[in-house]
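Below, each chain spelled out in residue letters.
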Amino acid sequence: MRRLGAQVAILAYLLAMAAFLLGPVLVVMAISVNPFGYSIFPPRGFSMRWYLEVLNDPQWRASIGISLLIALASSVIVTTTGTMAAVGLRRWNSAFRDGLVAVLMSPLLLPGLITGLAILFFFSLVGALGASWTLILGHAVITYPYVLRLVYAALSRDTATYEEAARTLGASPVVTFFQVTLPLIRSGIFGGAVFAFIISFDNITVSIFLSNPRMVTLPIRILEHIQWSGTPSVAAISTMMVVVTGGMALLIERIGGLQSVFGGVPDESR
Amino acid sequence: MSRVSVRNIRKVYGGVTALNNVGFEVGDGQFVSLLGPSGCGKTTTLRVIAGLVEPDSGRIEVDGRDIVNDPPERRNMGVVFQSYALFPHKTILENVAFGLKMRKTPAADIPRLAQAALEMVRLPSVGDRYPRQISGGQQQRVAIARAIATRPSVLLLDEPLSNLDLKLRMQMRVELKELQRQVGITTVFVTHDQEEGLMLSDRVVVMSEGRVAQVGTPDEIYETPASSFVADFIGEASVFEGQITHSGPEGCVMRTAAGTLLHGVLRTGAGPGGASARLIVRPEKVRIGSAAQGENRFQATVEHLAYAGASTRVVLRLNAQERLIANSVKPDFAIGDTVEISWQAVASSIFTD
Chain A
1 MRRLGAQVAI
11 LAYLLAMAAF
21 LLGPVLVVMA
31 ISVNPFGYSI
41 FPPRGFSMRW
51 YLEVLNDPQW
61 RASIGISLLI
71 ALASSVIVTT
81 TGTMAAVGLR
91 RWNSAFRDGL
101 VAVLMSPLLL
111 PGLITGLAIL
121 FFFSLVGALG
131 ASWTLILGHA
141 VITYPYVLRL
151 VYAALSRDTA
161 TYEEAARTLG
171 ASPVVTFFQV
181 TLPLIRSGIF
191 GGAVFAFIIS
201 FDNITVSIFL
211 SNPRMVTLPI
221 RILEHIQWSG
231 TPSVAAISTM
241 MVVVTGGMAL
251 LIERIGGLQS
261 VFGGVPDESR
Chain B
1 MSRVSVRNIR
11 KVYGGVTALN
21 NVGFEVGDGQ
31 FVSLLGPSGC
41 GKTTTLRVIA
51 GLVEPDSGRI
61 EVDGRDIVND
71 PPERRNMGVV
81 FQSYALFPHK
91 TILENVAFGL
101 KMRKTPAADI
111 PRLAQAALEM
121 VRLPSVGDRY
131 PRQISGGQQQ
141 RVAIARAIAT
151 RPSVLLLDEP
161 LSNLDLKLRM
171 QMRVELKELQ
181 RQVGITTVFV
191 THDQEEGLML
201 SDRVVVMSEG
211 RVAQVGTPDE
221 IYETPASSFV
231 ADFIGEASVF
241 EGQITHSGPE
251 GCVMRTAAGT
261 LLHGVLRTGA
271 GPGGASARLI
281 VRPEKVRIGS
291 AAQGENRFQA
301 TVEHLAYAGA
311 STRVVLRLNA
321 QERLIANSVK
331 PDFAIGDTVE
341 ISWQAVASSI
351 FTD
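Sequence lines, in order, name chains A and B. If you're matching positions, the first sequence starts at 1 in the numbering used here and goes up one per residue. If you're matching positions, the second sequence starts at 1 in the numbering used here and goes up one per residue.
Okay, chain B solo, but in the shape it has when bound (with noise of 0.2 Å):
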């Protein structure tokens, strides 16, 4: 069981700067996801700690110690790859003991332990066949079972399920968790899939071009995004572009090139008057009806329906220009009504970067 602190990495490829000032801390035994866009270098941070890319400048602390000068196989962290990669030319057990092997357990133990961490995903009984010879998704689970068989201080997961069809991806999801909670080993897991980072995470790094955008619990990444690439990147969201004409303590308004007064919460920067900004609101944030609530209050035109299962996606048009998304558990109109929308101040967020 390990802290992890990521301080200040830097890492410049060919005058491409990948990673600027990245740092975030992982408690002991948390999980930790690594959030963002293709390119945001989520995957070379991560590569970073394992001691697989050497980064320019910077500190990777584990348990208070800096290990960054440490090659990758004295930092005990095992290593979940993108592609497995499971050794072509060893069984499935050789595969997982390779491990044990490599850091000198007794031999006598070494079946014993390979075996536990096969029982431990579920496979025990493939152990003598090899990689190609089982499913892409049981080839996870042995990838899985190979990094935690030699009780790493930090699991690292480089978007593990990317590969897994969606059902599949599902169930593992689950079973991650489930298993990462059981061993509580600290887990750090890139994955470009925020529903899956904000499921899976106690907190979550969300990245965007080298820097790290935000930190907090999925909750707070969610309901409180520090800026407006990190709330259209997490979840659904209506976007309107605009100038704050006012700003004060009891909130902030906004007025778009239509001419339509928004309420909201200002999230970055001192906004004064006249800022270019943008305000986001939430698909379920909207009220759909007469039973109007808030600072946001607007008469608008149900443009399409998309059913949904467990709610109904609706487009709603403003005026020419302006349209938003709401949510709705049982829709009583139709396209082409007319019916009265409303959100809170509070449930909306304005940044003016």
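Here chain A stands alone, though its shape is the one from the complex (with noise of 0.2 Å):
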């Protein structure tokens, strides 16, 4: 048994990492629900003015909507293309697929500006700027190497052997797929999928270079706002933001279990 001093001294240093880490994303919780214009702490007295004139507030509903749309279509495309190019490169017995798959992962090396630089650099020579799908495959660059890298983990050399019984038991590559291989790496592609989506709808980096006056992501809104003003409607948006991609964790903890997600190895005894 451990001294009851040591015991303290841990959890003393827990709660001060807890608060380190949470601490201001809870002051911005607590500045949301202020009864006045400007952004103070602690609140004088609870009210949920700004949310509603947040959720009344035409600019950003439009800022709102289009986030969720840019996240959620980013996402459908890249775990369905991340997932493939990670079940071909398993399967890929080659000396180039360790310098492919760092290709393909080097947007989460390099700095976001840089990448945002280079993609509207892009789109400016082929003549796209301001189409709205350039934010969606925007977003899909540097969102893809996240559901690479969890279906390319979830994809264990043990996963090869199953698909392998599969086949020798009569089923097709096809079925082998859908019946084998899909429900073993599921966790990964769906923590890939929330990943995605997660990075996407708070993304600043490319997102500032991609946006035009009809198209405000969530994020950029936010910046702007701060700039000329103080008052706690940014607080709100912030505190949704939060419920949002919280919720959204805690959803991948129900279904596959973080760990699984981050650990790469579908944990089937749940």
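A few of these clues could be false.
[Stated by the list, open to error] Part of the chain B face toward chain A, derived, beta carbon under 8 Å:
1) R59
2) A85
3) F87
4) M102
[To be verified] Facing chain A, from chain B, some residues (calculated, C-beta under 8 Å):
5) A50
6) P72
7) V79
8) F81
9) S83
10) H89
11) R103
12) T150
13) D219
FYI, nobody ran anything at the bench for these hints, they're computed from the structure. Note that beta-carbon positions come from the ideal geometry of N, C-alpha and C, so glycine has one too.
Take each chain as given, in its own frame, and dock them per the hints.
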């Protein structure tokens, strides 16, 4: 048994870490319920006024819709293509495989602004600047590595043996994929999809180059708003974003287990 | 029930020849083992038969029909993998039923046939559990049940017993053989355990470095090995190296570096005088005691005795350089004693390879 003093110290350390990580978020949440037109902490009173303000403002509403649409569309694209790439790359017995994986993973390593700038130049070169789908594709580029990484990790050597077993039992390659491979890597795919959605939903570095007055994503709107206004509406919208992403994290935990998403090992004991 | 012919299979992986002209026959209902050290190509051969590895050239014939271009799902072969490969997301019954479903068995018959397969491996009541909820030995049996549920024409087993502890392995050997006899299914069994290979098989294919070293009944492999590799790999043996001094129809004589003259039977090559050779003698062929018999007779010193239950392993020293191993059922000598030893020329094999 550990000494009481040591246990207290560990608990204090954990509480301090939690406060450091979550404290600022809690402050933002507290500010959002201010009844007054300026952001102060601690809040003086309680009101849902700024939530209503945000939800009734056509500009905020448009940005929420745009961000949700882009996040949804880009995560559907990268989940499909990323899964396909991961499955294909696992089977590709080539010296170039690891190199190609590194290239596909590179948006994760490059500074976001550089990637954003590169995407801007590219769309400007092909004359597509201003089209709404450029934002979706731009987000797809930066969220792609998350899906690839998680699905690739979920496809272990064991998965290949299960696939072989299915084939010898009479399953065609297509049936094998849907009956064996997909169920085994489903937590990886799902985790990748949720990550892609969250990363897209709060992205600034790429959106800032591709948005235009008709297409202002939520993070960009927040950024613009805090430059000329101090109302707690930003805190209100931020709180809503925290609730949405937090809810999605809970969803992963429920379905596959966060650990299996990060570890990439399908945990079938659940 | 089917005959399988493996013909001239070649497979090269990135410049390394994994299989070099591998060929052998498996008769209808026979149990054939592919036996060899790790890396000899036995598992690759099995995977070629199953259709999981595409050979560079050669044929796989089942009842005379070449199936080398058929994908695995059209080969009708049951495979038991070393890791069992039971689908973790399906129950035991779903695992066993998977092959039946894929092979378009009428839906009404599937539960009954799957249950029958589980009963055949004496696991009638684990159907609704998941693979991780049953023991390794049970998983192994379920893997066999899954492989035979569809009544495949050939059963392929890739070291299925190697992950089990010794006692369970012994028990499963007997059960596996019994099951195979019952079902009467043509079986190819991969193992690196020579005892397992000899015990279970009608015929043994000994492999070494991607080639077939010898094909024969367990008895032939043990008694008349075709090469010094086979003689050394199968069973226990004492090995002497030297030069052939005389070779004729009545036998062959070899002189070791220490000057010992040994009589044996030449198994490979013409063996002209002076050729360097190896002589191999099995422990149970060596007689200890005054009633010496055979062409090879020596005085030896007992160097070590190891009691092994039914018999005792005796290490004998012939001279400063040479030792050999013998078995004694009832040793009436002690370490340090000098004893008469002998064995017949026909009991030792000479190889010039």
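Here's how the hints hold up against the structure:
| no. | hint | in the structure |
| --- | --- | --- |
| 1 | R59 | violated (20 Å) |
| 2 | A85 | holds (4 Å) |
| 3 | F87 | holds (6 Å) |
| 4 | M102 | holds (3 Å) |
| 5 | A50 | holds (6 Å) |
| 6 | P72 | holds (4 Å) |
| 7 | V79 | holds (4 Å) |
| 8 | F81 | holds (6 Å) |
| 9 | S83 | holds (6 Å) |
| 10 | H89 | holds (5 Å) |
| 11 | R103 | holds (5 Å) |
| 12 | T150 | holds (7 Å) |
| 13 | D219 | violated (32 Å) |
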